[in-house]
Amino acid sequence: MPIKVRFFASLREQIGRAELEMPADGVATVGDVWANASAGAAPPADVLAAVNHTTAGLEHPVADGDEVGFFPPVTGG
Amino acid sequence: MPIKVRFFASLREQIGRAELEMPADGVATVGDVWANASAGAAPPADVLAAVNHTTAGLEHPVADGDEVGFFPPVTGG
Amino acid sequence: MSVELSASPFSPWQVLAVHERRVLRAGEYGACASFVGSMRDSNEGDGVVSMELEHYPGMTERELDTIEREAGERWPLLGSLIVHRVGEIAVGEPIVLCACWSAHRKASFEACRFLMEALKSRAPFWKKETLASGQTRWVERNTPGY
Amino acid sequence: MSVELSASPFSPWQVLAVHERRVLRAGEYGACASFVGSMRDSNEGDGVVSMELEHYPGMTERELDTIEREAGERWPLLGSLIVHRVGEIAVGEPIVLCACWSAHRKASFEACRFLMEALKSRAPFWKKETLASGQTRWVERNTPGY
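Chains A, B, C and D, in that order, are what the protein sequence lines are. Per this note's numbering, the very first residue in the first sequence carries number 13; after that it's consecutive. Per this note's numbering, the very first residue in the second sequence carries number 13; after that it's consecutive. Per this note's numbering, the very first residue in the third sequence carries number 9; after that it's consecutive. Per this note's numbering, the very first residue in the fourth sequence carries number 9; after that it's consecutive.
Keep in mind the hints are simulated off the structure, nothing from the lab. Each hint should be verified, as a subset may be incorrect.
Partner residues aside, some chain C positions facing chain B, computed with beta carbon under 7 Å [stated by the list, open to error]:
hint	residue
1	Ala15
2	Phe18
3	Asp54
4	Arg82
5	Leu86
6	Val104
7	Ala131
8	Pro132
9	Phe133
10	Arg145
11	Trp146
FRET-style restraints, in silico, Cβ to Cβ [unchecked claim]:
hint	chain 1	residue 1	chain 2	residue 2	range
12	A	Gly69	C	Arg82	39 to 45 Å
13	D	Gln22	B	Leu32	49 to 55 Å
14	C	Val26	A	Pro14	31 to 37 Å
15	C	Ser50	A	Ile27	41 to 47 Å
16	B	Gly69	C	Glu60	48 to 54 Å
17	C	Ala34	B	Pro35	25 to 31 Å
18	C	Ser129	D	Thr144	23 to 29 Å
19	D	Ser10	C	Ser129	30 to 36 Å
20	C	Arg29	A	Pro14	49 to 55 Å
21	C	Trp146	B	Gly43	57 to 63 Å
22	A	Asn48	D	Gln22	47 to 53 Å
Note that the Cβ used here is the ideal one computed from N, Cα and C, for glycine as well.
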């Protein structure tokens, strides 16, 4: 199963898409997912990420079938 | 006009009356009002007082026509 | 700013809804913190069946006004409200309602808590409980607020 | 404990009244602290006419559940409630409601404020404002809570 990648809010608008999928081959961490999805562009300094709906850092491991979300700082409430 | 003295809550029950009046002659402070009203018994350590609806200490001056209230610590809310 | 003593039961959520609609301007406030204190069926390990809330007519209103004004001086409030029951109160009934409206949450949270702590330490109210045993007793002290 | 995302306007006072009646036991709780955040008609000096509240379906609910559970572990709560709007929001409409019930006031005050601060710093929601000028912009940061 591929890794599902989702982008939210201003990050989604900057990237120009809400989601994509990528094969898990050679993708070990959240940081690898970002690099793969953004053609090597560095992540914004304040980017947040989640793996399977739980907050995770760029070093967090990912595996087949994971959902990885990227988003800017939250502003609800 | 006399000084009006009022007692509240457990203090009212201990003293056995809700209010009384006393002439202002020779009564200079809240402490004098207490002494006069209680036949010299010392005030409870935690007694609170008010003159004309404003919190006041035992040294607070009183005058003709004042209302002086005595009550235990408050327990509302 | 509004202070009310109520000799009969009141519905805090309805009071809040009505006050907000009548007195506040929607779109101006971004935050409302509120607190409701209600009568519990036990206190200090004993079952309680009812309570008599005594107050000092005239002084109580004056002290609540002062407390509310102090909150308005310390925080940038757009509105505030205190409602307090007096007289005979049954288990489960609301005793006190405090609410503060402001642009941002910090002021409303802090001012609402201030209203409650000031009220409990300064406003002349006294609770007399009737226990399940039939015995009555004056409540001697408040639960710590901080 | 209850978490709800609402895609349509809700009435916080009515939600509180219904929740309290259905879920809490009158006489058990003595304190309810609540907070309502509403949409203001201005932000950072600009007039705002509407807002889009985006969230991360699945993760948002999960994070709110976690925050509510943490509050229940840190304070002796008898009940708690979070309702948060998503989607298009008009000026004056409630955005968020948090409430905590407990025996005594300290726990409910502290837990309610904790819910709001945790929600604002951790729950995946993002606000996009439409200004009076017609321009849209993402809200970049929250107002400080302490």
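Do the hints match the structure? See the list:
Checking Ala15 of chain C against chain B: minimum C-beta separation of about 14 Å lies over 7 Å; hint violated. Hint status for Phe18 of chain C relative to chain B: violated, with the closest Cβ pair at about 15 Å, above 7 Å. Annotation: Asp54 of chain C was flagged as interfacial toward chain B, and the flag is violated, the nearest CB pair being 16 Å apart, outside 7 Å. Because the smallest distance between the Cβ of Arg82 of chain C and any Cβ of chain B comes to about 19 Å, over 7 Å, the interface hint for this residue is violated.
For Leu86 of chain C, the suggested interface contact is broken, since its CB lies about 23 Å from the closest CB of chain B, more than 7 Å. Because the closest C-beta pair between Val104 of chain C and chain B is about 5 Å apart, less than 7 Å, the hint holds. Annotation: interface hint on Ala131 of chain C holds; nearest CB of chain B at approximately 5 Å, less than 7 Å. Using the Cβ-Cβ criterion of 7 Å, the hint placing Pro132 of chain C at the interface with chain B is satisfied: the shortest such distance is roughly 5 Å.
Given the 7 Å rule on beta carbons, the hint for Phe133 of chain C holds: about 3 Å separates it from the nearest Cβ of chain B. Annotation: Arg145 of chain C was flagged as interfacial toward chain B, and the flag is violated, the nearest CB pair being 9 Å apart, outside 7 Å. At a threshold of 7 Å, the smallest CB-CB gap from Trp146 of chain C to chain B is about 4 Å, leaving the interface hint in force. Take Gly69 of chain A and Arg82 of chain C: their Cβ atoms lie about 41 Å apart, and the range 39 to 45 Å holds.
Gln22 of chain D and Leu32 of chain B have their C-beta atoms about 50 Å apart, which keeps the hinted 49 to 55 Å range intact. Here the CB-CB span from Val26 of chain C to Pro14 of chain A is close to 55 Å, at odds with the stated 31 to 37 Å. Checked against the given bound of 41 to 47 Å, the beta carbons of Ser50 of chain C and Ile27 of chain A, roughly 58 Å apart, lie outside it. For Gly69 of chain B paired with Glu60 of chain C, a C-beta distance near 28 Å fails the hint of 48 to 54 Å.
At about 58 Å, the CB distance of Ala34 of chain C to Pro35 of chain B disagrees with the hint of 25 to 31 Å. Between Ser129 of chain C and Thr144 of chain D the beta carbons are some 48 Å apart, a value that contradicts the proposed interval 23 to 29 Å. The supplied range of 30 to 36 Å is met by Ser10 of chain D and Ser129 of chain C, whose beta-carbon atoms lie about 33 Å from each other. Look at Arg29 of chain C against Pro14 of chain A: about 52 Å separates their beta carbons, and that is inside 49 to 55 Å.
A hinted range of 57 to 63 Å is violated for the C-beta pair Trp146 of chain C and Gly43 of chain B, which are about 24 Å apart. Distance hint check for Asn48 of chain A and Gln22 of chain D: the Cβ-Cβ separation is about 48 Å, which falls inside the suggested range of 47 to 53 Å.
Going through the hint list in order, the structure does not satisfy hints 1, 2, 3, 4, 5, 10, 14, 15, 16, 17, 18, 21.
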